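**Q** Please work from the sequences and hints to get the whole structure.
Number of protein chains: 2
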Amino acid sequence: MTTTPSADIDQIIAALWTVLPRDGAPLGLHEPEFGANDRAYVLDAIDSTFVSSVGPYVDRFEKGLADYTGAKRAIAVVNGTAALHIALLVAGVEPGDEVLTPSLTFIATANAISYCGARPLFVDSSDINLGLDPEKLAAGLTETAEIKNGQCYNRKTGARIAAIVPMHTFGHPVDMDSLLAVAQRWCLPIVEDAAESLGSFYKGKHTGRFGLVGTLSFNGNKVLTTGGGGAIITDDEKIADRIKHLTTTARQKHAWAFMHDAIGYNYRLPNLNAALGFAQLERLAKAVNEKRALAARYKTAFASIPGVRFVDEPPQTQSNFWLNALLLATDSTQLLTPLLEKTNAAGLGTRPVWTLMHKLPMYATCQRMDVSVAEDLERRLINLPSSPRLGRSYAA
Amino acid sequence: MTTTPSADIDQIIAALWTVLPRDGAPLGLHEPEFGANDRAYVLDAIDSTFVSSVGPYVDRFEKGLADYTGAKRAIAVVNGTAALHIALLVAGVEPGDEVLTPSLTFIATANAISYCGARPLFVDSSDINLGLDPEKLAAGLTETAEIKNGQCYNRKTGARIAAIVPMHTFGHPVDMDSLLAVAQRWCLPIVEDAAESLGSFYKGKHTGRFGLVGTLSFNGNKVLTTGGGGAIITDDEKIADRIKHLTTTARQKHAWAFMHDAIGYNYRLPNLNAALGFAQLERLAKAVNEKRALAARYKTAFASIPGVRFVDEPPQTQSNFWLNALLLATDSTQLLTPLLEKTNAAGLGTRPVWTLMHKLPMYATCQRMDVSVAEDLERRLINLPSSPRLGRSYAA
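Taken in sequence, the protein lines are chains A and B. Convert by adding 461 to the 1-based position in the first sequence; the result is the number in the numbering used here. Convert by adding 461 to the 1-based position in the second sequence; the result is the number in the numbering used here.
Note that these hints are calculated values from the structure, not bench results. Model, not experiment: these values are computed from the prediction. One should not assume that every hint holds.
Identical chains blur together in the list; that is why a pair holds if it fits in one copy or across any two.
Result set (BS3-like, lysine-lysine): computed pairs, CA atoms no more than 25 Å apart in a straight line [as the list claims (entries may be wrong)]:
#1 Lys714 <-> Lys820
#2 Lys714 <-> Lys533
#3 Lys747 <-> Lys666
#4 Lys705 <-> Lys820
#5 Lys714 <-> Lys803
#6 Lys760 <-> Lys747
#7 Lys524 <-> Lys699
#8 Lys617 <-> Lys820
#9 Lys524 <-> Lys664
**A** Below, the structure is given as structure tokens:
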């Protein structure tokens, strides 16, 4: 005997169409937009012949990112994964360490931990903001960890726990005040994965600015794109200089000599891509407004639909609503796959959340805390088309 | 009492000026060139909105690279260092292994070995082609290595020796026949670092095609640039598929689901950069001809200058002469620094060879064979301005 789930697919899709334009243009999950200056700056970079590692657009783009986020420094790199890798290195993560991170995240977070020779230690997520849950983290650490000589250790594995990497899922800020308290209690630096949250603020301060360092991504599906790209933001000048050094093969400045003083990386963003990013910065505030207007429409459209909850921005935050998300009621999880199938077949770019990290073969043996909320969210979540243009006619 | 060195700085600089144009344009070490199609294809990529990980220019560029080199497959990646990293991984290099590579190379070769958790084992170079010397390698292996169960081990450290990474220095092909024989004798796969040798052939076959895999670089100073970029070439379809998988976060193909089956990398070349590369391919053959014409002029100009030797292409090879190089006689090494200073002060882009890898702090403790030739070359070598345009008026 089965009970009728409270959610109804046709009703959900009908609600979607009250928000989305039926103009025949693609309704992908997140489409970038380009204009006259995107073309002009990229051509300028080509005409200058400075397309590669040196060029004025890298400096301009970094300055623009620092201005927008309020960070003292921004260092542009080749993508968000590279940003995370270097951020973890400068936070002191070493081979054999463990790093706390949500199981509900994009693969880059866990992979960057692996690149350092460390292992992820998975934490549960909040069903309010979809990000790392500080309360469950605190409970898990009490059960698992101890402080020795001012450093945090895993009592079960004996490994040092070296950092916490929260990720602001779909642009919604994590509860940073609570997380900072846990981090302080357990002597842990925070590396903030703000790949999805450029334009998202927690209590008026840009995400990525609460930890020691924060990382951004400018992949093609992000609110600002450089083709591929990323950045690290920080208020610490010394750390910023070290990041610049490590991301440019750790070569010492000299007119012609090649002397490198550490194992460095070829992670700098080419000037060609920075030129695109510099143009994209000009439209960033507008794009965030359009995305927020789209989210407001979704919120209204789904308010009266039974069996679904639109994921809204948490209190005291301003989200960029990078990807709008809907949660099915717990009695309606069997509708997730048919809903994905039906919407994608109708040309709507929807998708489920990422497979949880602890379910992937290479991370299945990593230790995890109770991740029951993440497992619940994985069964219930669907992302909706979220391109800025879809909110344009609604934006103030 | 000092003897007068055989080389004379003013005579060398005068010979340089018989080759180089005095047109006031920069005489950098290697300047890229762009034309109408570079601008057109990049704009086309922007207008298509496919600037990032997906897009037709990546496929076109990969196909064009395969056609030019004759390799069955080419996989475009974010830069030459990333190409080397993945090439070593697919060659089976694992943490704790040692990898044979010349001490005279750019830092990327040694760093990529480190990224795999392996350590470089440094080999000497030939003063004919400036690349790894197979004879000295063979002698060193006889002294150091043994075969156990079909694998090569270092008798001194106990570590497995996992691969050989020759590098075609300044575009001059390594003596591949001899190297292949050594590799076979010691059961070692070859990962060919062809970062500098796009357009260079050994016995009619493109460099990078002799090993299991070969790697290319498209940095701004290379004969073909994508801003930043690289590629891996191979004739093995299975390895090519694995490279494509590993460089795209090891995500399994699916319309919407995110399932990754290995620790992968975000190393794919953005479509924006591939568009530039596709345009650059159209001028590659011409650029190589111009560079070869420039080299021929340098060769003539220095033929009668005492105390210097122009580094020519080795027999049975066709070099792209990526960077032209001059070797000072052993009795004239004290002239290297003044020559660098004087030429750079005069606006000529010259530079010494890279600091040898075994002299850098992070690689100083790595084991090395006799590297006396490399140490000699380091004291004697100076690179000369090598941009394609400098050879244009000389090219057929």
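**Q** With reference to the structure, classify each hint as holding or not holding.
**A** Hint by hint, here is what the structure shows:
no. : hint              : in the structure
1   : Lys714 <-> Lys820 : between (45 Å within a copy, 17 Å between copies)
2   : Lys714 <-> Lys533 : within (22 Å within a copy, 40 Å between copies)
3   : Lys747 <-> Lys666 : within (18 Å within a copy, 53 Å between copies)
4   : Lys705 <-> Lys820 : between (35 Å within a copy, 23 Å between copies)
5   : Lys714 <-> Lys803 : between (57 Å within a copy, 19 Å between copies)
6   : Lys760 <-> Lys747 : within (20 Å within a copy, 59 Å between copies)
7   : Lys524 <-> Lys699 : within (17 Å within a copy, 44 Å between copies)
8   : Lys617 <-> Lys820 : within (21 Å within a copy, 42 Å between copies)
9   : Lys524 <-> Lys664 : within (23 Å within a copy, 50 Å between copies)
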